[in-house]
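Position 37, counted from 1, in the sequence shown is what numbering that gives the first Met the number 0 calls 36; the numbers after and before it change by one each time, with no gaps.
Quick caveat, the hints were computed from the structure, so don't treat them as lab data. All values reported here derive from a predicted model rather than from experimental measurement. All C-beta atoms, glycine included, are put in the ideal place defined by N, C-alpha and C. Certain hints may be false.
[What the hints assert, rightly or not] Here are the simulated distance ranges between beta carbons:
{"hint": "1", "residue 1": "PRO66", "residue 2": "SER40", "range": "17 to 23 Å"}
{"hint": "2", "residue 1": "LEU18", "residue 2": "GLY53", "range": "23 to 29 Å"}
{"hint": "3", "residue 1": "VAL22", "residue 2": "ALA71", "range": "38 to 44 Å"}
{"hint": "4", "residue 1": "LYS43", "residue 2": "ILE74", "range": "26 to 32 Å"}
{"hint": "5", "residue 1": "LEU67", "residue 2": "ILE42", "range": "19 to 25 Å"}
{"hint": "6", "residue 1": "VAL63", "residue 2": "PRO14", "range": "43 to 49 Å"}
{"hint": "7", "residue 1": "PHE78", "residue 2": "VAL27", "range": "37 to 43 Å"}
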Amino acid sequence: MNPNVSGLTVLPFIPLLMLSFWVATLVVHVIFAFAVDNDASRIKRTGGKTILAGRFAWSLATLVGGPLVAAAYWIIHHFALTVEMPGDGREFS
0 MNPNVSGLTV
10 LPFIPLLMLS
20 FWVATLVVHV
30 IFAFAVDNDA
40 SRIKRTGGKT
50 ILAGRFAWSL
60 ATLVGGPLVA
70 AAYWIIHHFA
80 LTVEMPGDGR
90 EFS
């Protein structure tokens, strides 16, 4: 079997496409990990706390898990899940 497309051999381009895919995936994971780390730092500077894990753990998890973990981080930390009790001034989850 000769994988030709218009006289061009396609076979050498497959590893290049695979490498490009993995490099793009790595870049996306690193960008999301930096964004989560930056946001967790901001939360800590403003007197808040991260939930379930610390800043480093969230960043590492995002580096490994990518956008799915970043989405979980955003839902946990930025979705309106807290309710303020009237007259008390404290927040409860």
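So, going through the hints one by one against the coordinates:
no.	hint	verdict
1	PRO66 <-> SER40: 17 to 23 Å	20 Å, holds
2	LEU18 <-> GLY53: 23 to 29 Å	34 Å, violated
3	VAL22 <-> ALA71: 38 to 44 Å	25 Å, violated
4	LYS43 <-> ILE74: 26 to 32 Å	19 Å, violated
5	LEU67 <-> ILE42: 19 to 25 Å	20 Å, holds
6	VAL63 <-> PRO14: 43 to 49 Å	24 Å, violated
7	PHE78 <-> VAL27: 37 to 43 Å	22 Å, violated
Checked against the numbered hints above, the structure breaks hints 2, 3, 4, 6 and 7 and satisfies the rest.
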